[in-house]
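Undergrad: Spelled out from the first residue to the last, the chains are:
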Amino acid sequence: MQQVLSASADPACRVVDLLEVCERRGLRGIELVSDRECDTPRVLEPQELAELASLMARHGCPVTGLYVDELEEICNLETARLSEAIGAPVVAPAGRVPLALLQDLESLYGAAHGQLLVSHRTVLEEASQLAQAIDDGRFEHIALAWEVRPREENLNGALAVLEHVRSHLRYVRLFGGGAEQRQMDGLGIGPLIVGLSRARYDGPLVLCPSNAAQRPLWSTWMQSSKSAGCGTAARIADERTSKRALDVRNVEPKDRLAAILGAYAELPRGIPLELTVDHDPSCMYFTLEATHSASSFSFDYLERGPDVWRVQVAKR
Amino acid sequence: MTQKGSNMELDVRVIPPREKHPAIFGAFDALGAGEAFTLVNDHDPFPLRHQFDATRNGLFDWTYLEQGPTVWRVQISRR
Chain A
-1 MQQVLSASAD PACRVVDLLE VCERRGLRGI ELVSDRECDT PRVLEPQELA ELASLMARHG
59 CPVTGLYVDE LEEICNLETA RLSEAIGAPV VAPAGRVPLA LLQDLESLYG AAHGQLLVSH
119 RTVLEEASQL AQAIDDGRFE HIALAWEVRP REENLNGALA VLEHVRSHLR YVRLFGGGAE
179 QRQMDGLGIG PLIVGLSRAR YDGPLVLCPS NAAQRPLWST WMQSSKSAGC GTAARIADER
239 TSKRALDVRN VEPKDRLAAI LGAYAELPRG IPLELTVDHD PSCMYFTLEA THSASSFSFD
299 YLERGPDVWR VQVAKR
Chain B
53 MTQKGSNMEL DVRVIPPREK HPAIFGAFDA LGAGEAFTLV NDHDPFPLRH QFDATRNGLF
113 DWTYLEQGPT VWRVQISRR
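Keeping their order, the protein sequence lines are chains A and B.
Residues -1 to 314 in this note's numbering are what the first sequence lists, from first letter to last.
Residues 53 to 131 in this note's numbering are what the second sequence lists, from first letter to last.
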């Protein structure tokens, strides 16, 4: 599974800037989006788009798909040719593509040597109907994409959907992750990712903002990836009570360890550090135990979830 | 291109923090002897390794396949 950034994360962002974001964030591809906001694919000629795609591939960040959501455009031979030109599929939502048109689209994309992925929601009936149609028609130029919306859909049925579509699934769009990773607790993303792994899904996982209101969050996430340093942004030292506190809930997971270990390293003996986390920080206990001796610190739980964990750490 | 039929990749970068470790330990506990998966993360998961040491001591092997700067890959196999 390769993590990929959808251009819909910031429609105003140029492709060169998206490439930089991907490099900083360890993302290995970009989804182009053809709609009113992201106009790159529309303003470029197929030849120019092909050159852009080849430039992106040279940067280790190939185009993984071209998302199109208007029927007229999906059914256009030029669009099918773009798929061939960029060496990536056109992805179109099932809601825009009547089942009765699939046979014609198979011929159209076949003639253009392109590929069309029709994307279903986390809805078993929709997904299994599409999978059945692809089986029945023995389509070679049409396969499936899956649009997962954890904030809007109930993902309890996600594994049943996966079972029905697995053999045709080439693409997953996740409306979340990235800048919204920390906000999507308990919505089913963990079990979904484990399910995809177990099913040996090895296509792209395309990160998209879950709605337009999240875009400022994504812009910030895309512009920054550097750690704030050893908890400087989150640390509050209260001189009066000689207590120190570190709340890492707003620190990106990848930067938390440095923040906590940094605060611990600076902690004078006998002064407690109160740590606030959005998961059980037992891994920090084991890390301190492995890197310092167990008798050299105390680690006391003040609050044990379900949403917030607080522990008091002190050097002995 | 499957070298070992049983090796799967578990990319936990999009998983919310609270669900990450349960997902990883769940995947590990479901492995049979000799099976492995590759953990993909956006930071060095060494606290997790210490947690493995403490809770599944002697049951696993830990091999780094990629060590940053943006992506870490660790093959975790069950003995």
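It should be emphasised that the hints constitute simulated quantities derived from the structure, not laboratory data.
Check before you lean on any hint, since a few could be wrong.
Chain A regions said to be covered by chain B (calculated; three or more residues, Cβ under 8 angstroms) [to be verified]:
id, segment
1, 88 to 96
2, 152 to 164
3, 195 to 203
4, 266 to 274
Pairwise CB distance ranges (calculated) [unchecked claim]:
id, chain 1, residue 1, chain 2, residue 2, range
5, B, Asp113, A, Ser165, 25 to 35 angstroms
6, B, Gly78, A, Gln130, 47 to 57 angstroms
7, B, Thr107, A, Gln127, 37 to 47 angstroms
8, B, Pro74, A, Arg267, 56 to 66 angstroms
9, B, Gly84, A, Glu264, 38 to 48 angstroms
10, A, Tyr299, B, Pro74, 13 to 23 angstroms
11, A, Arg180, B, Gly84, 41 to 51 angstroms
12, A, Glu68, B, Gly78, 50 to 60 angstroms
13, A, Glu76, B, Asp113, 47 to 57 angstroms
14, A, Gln127, B, Gly110, 25 to 35 angstroms
15, A, Ala211, B, Gly84, 38 to 48 angstroms
16, B, Ala82, A, Gly155, 41 to 51 angstroms
17, A, Asp200, B, Thr107, 22 to 32 angstroms
Even for Gly, the Cβ is constructed at its ideal location relative to N, Cα and C.
Undergrad: Just pull the numbers of the violated hints for me, sorted ascending.
TA: 1, 2, 4, 6, 8, 11, 12, 14, 16
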